[in-house]
Amino acid sequence: MSQLALQRCHPTAELPTGGPRKLLLIGNPNVGKSLLFGFLTKRYVTVSNYPGTTVEITSAKATIGGEQRLVVDTPGTNGLIPQSDDERVARDILLNSPGADVVQVGDMSNIRRTLLLSLQIAEYGVPFTLCLNMSDEARERNSEVDATALSETLGIPVVATSALRRWNLERLKREAVRPALARVTTQYPEAIEEGIAEISRGEELTRGFALAILAGDETLTPFIAEEKRPRLDAIRQEVQRKVRLPLSVAIANARVAAVDKLLGEASTQKAASRSNFRDWLGGISMHPIWGVPVLAFVLYVAWWFVGKFGAGQMVDLLESKIFEQHVNVWTIQLLDFLARFPHQHAIEEKLIRAAYTGAAGLTFTQQVAKFFHDIVVGPYGIVTMALTYAIAIVLPVVITFFFFFGVLEDSGYLPRLAVMLNRLFRKMGLNGKAVLPMVLGLGCDTMATLTTRILETKKEATIVTILLALGVPCSAQLGVIMAMLGPLSFTAVAIWLSVIVGTIFLVGYLAAKVVPGEAGDFILEIPPIRIPRLSNITIKVLARTEWYLKEAVPLFIIGTLLLYVLDATQMLSRIQQIMSPLVVAGLGLPAEASNAFLIGFLRRDYGAAGLFAMQRAGQLNAVQTVVSLTVITLFIPCIANLLVILKERGTRMGLAIAGFIIVYSFGIGVVMNVVFKAFKVTLS
Amino acid sequence: MIDEHQYDCPLCGLDFFGATCHSACPMSGDCAMVRCPRCGYEFVQEGSIVAMLRRFTAPWRKHDSPGHR
Ligand SMILES: Nc1nc2c(ncn2[C@@H]2O[C@H](COP(=O)(O)OP(=O)(O)OP(=O)(O)O)[C@@H](O)[C@H]2O)c(=O)[nH]1
Ligand SMILES: [Zn+2]
Ligand SMILES: [Zn+2]
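Note that the protein sequences, when read in sequence, are chains A and B.
Under our numbering, the first residue of the first sequence is numbered 1, with each subsequent residue one higher.
Under our numbering, the first residue of the second sequence is numbered 1, with each subsequent residue one higher.
Derived by calculation from the structure, the hints in this document are not laboratory data.
Check each hint, because a few of them may be wrong.
[As the list claims (entries may be wrong)] Covered, in the sense of this in silico footprint (three residues per stretch, anywhere, with C-beta under 8 Å from a C-beta of chain B), are these stretches of chain A:
1. 414 to 420
2. 534 to 544
[What the hints assert, rightly or not] If you want the ones that stay clear, here's a sample from chain A, every Cβ over 12 Å from chain B, calculated:
3. 281
4. 283
5. 314
6. 349
7. 363
Every residue gets a Cβ at the ideal spot worked out from N, C-alpha and C, and that includes glycine.
Assemble the whole structure, with the sequences as input and the hints as a guide.
Here it is in structure tokens:
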């Protein structure tokens, strides 16, 4: 603080010092400061009278943005030239808290009044953060203020919040501990500017202080050394002689003019800052045509990162190095030691395999031993299949995918993708309403299926449900699909992509046919394009991985046990026989691929993992990979999704949807196989 | 269920307090998904791994200085 030369410490005007740094909430009356204070602090609130007054001050310790702070709620005030005891206390706390983090809370619908106070805080040289509260009301009244633009104009953090609806409170906490000096100077009439210069001569003094003296703020008297008072009075009278209006009025007028100018700038700022690269990028990624190459690029990066790096290097490391050479070998040896019966495991490249021979004519105890042996390390063993798939094959893939997806989320691309797809759909005369559930489906298809409730007609809801189940893999599944795409040629990937995109457009087209009329727009607030933060992404990757392990691994184990039982009861080979006309003749795949489709009912990523394992073992060529991958991508996402479809759409409709999806996905696969065969396409 | 966490929706940017609605996914009673009350986007709640890491790194993160933007 700089008014030390003039300022004599107000003897009673100190809040208790020591302890954590202060965080002051200051603002006009009735803007929601107390409500915000409650959310920021939650507990241990102290109410005390401000020294020498009856004004109550609420304060509480809290952790804000990772920092310890003493949060102080000041009385509402309309300006820093106090008109009442309350206002005086607010001003005094502000001036007597050097180094405090100051948060000005304002009513967004009342932006002029808010900025009038902002200008005065700025004039006192106090760094602060501006919180535009009650943004919910502003939104309802259509008087929303662009916080980003205002922040650029003022040069301080500006956060739009709603204490009532709890919007953006986390962001407020982050910005509250990063106040900045505002970059705005109010221009006053020349005589007043001269007066400011005159008062400040030889003194290190803020404009705010000088202006308060000119405006005749008597509450400042205790701050001013007695011997200086006559000189300051003389300057004020001198300036007043040159200005027609009372100085306080002239000063207030200049501030109002400055606010109007500011608001004008903030609204043009939006247009002007388009030249900025990030805004440009944000803009084109929403464009109905230019957004498509952006999306293609994003998918390309995903393919390269997840398919090549994750599915290549990482899986090689975990599967070939760790699981095949160590984990599986050790468990097989351990079980062979614990559960004894005569058999020899197949050995390839000096590695023990789960498959074995020579277990004929076993006694009862040997049968029991074989049972336990097989459940753990048999061809459908929990370790040799479920865990190998889940941890060695799928986990590295989903971790790399989650990393990539975290970058997408953190960069602000997802809402732009939704807007872009919506515009694209509508340009093509399709129903844009389906887009939001589809983007939501990237998070979880099951949930997105539930959101189809908001769609107006049954038909719409049905179509979106089909669209979700057919075309939109949830994030984990998208990862495994990317992995299978990794080793394929660009043409092969392009074919897969066109079939999926074609399907989405086909369903979208049907949607437009069946559901005529203007599609309602959805409103998304578009956050600025951000540079993703590694710490955020790491947290997300960890959280998602944990979720994935908890949610998917049990299903992998159940699926494996199912296969084990089917195999032990000879049902599996029967099923393979039954499915063979479809799988072998129709799709041109090896008979074992039917196992993958079978477990794909539980989760399509598990099915995809099975196909991926076959692909890695060299059992699928490029054509077979593309065909099987297309089928599994179009397949029902997971059993949870199926259950929700049945529940939401009713059993009959649900079964019809499921039937359609199965027929459609296999049908497309057969068509692809036939076409590839007819044109002797090898894709290699 | 009142949840003291605050979340930042990756789709619409809403910061909200508490998970108003956990997943209605029939596969698991308490799935770790959090659903944004404004746009419906569903994302993963910070699980126990992150919570554990936070506890471990808490004393160490205190020394971070508040960066100015
Ligand atoms: N719609 C809406 N109302 C809000 C919001 N924040 C606060 N309110 C309401 O606004 C009124 C005033 O809130 P307070 O928290 O008492 O305001 P204050 O700024 O502390 O008031 P003073 O202490 O008199 O300065 C209350 O009825 C709140 O419920 C908001 O974000 N949106
Ligand atoms: Zn064995
Ligand atoms: Zn949201």
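Structure-based check of each hint:
no., hint, verdict
1, 414 to 420, "holds (count 3)"
2, 534 to 544, "holds (count 5)"
3, 281, "holds, 17 Å"
4, 283, "holds, 17 Å"
5, 314, "holds, 19 Å"
6, 349, "holds, 36 Å"
7, 363, "holds, 41 Å"
Violated hints: none; the structure is consistent with every hint.
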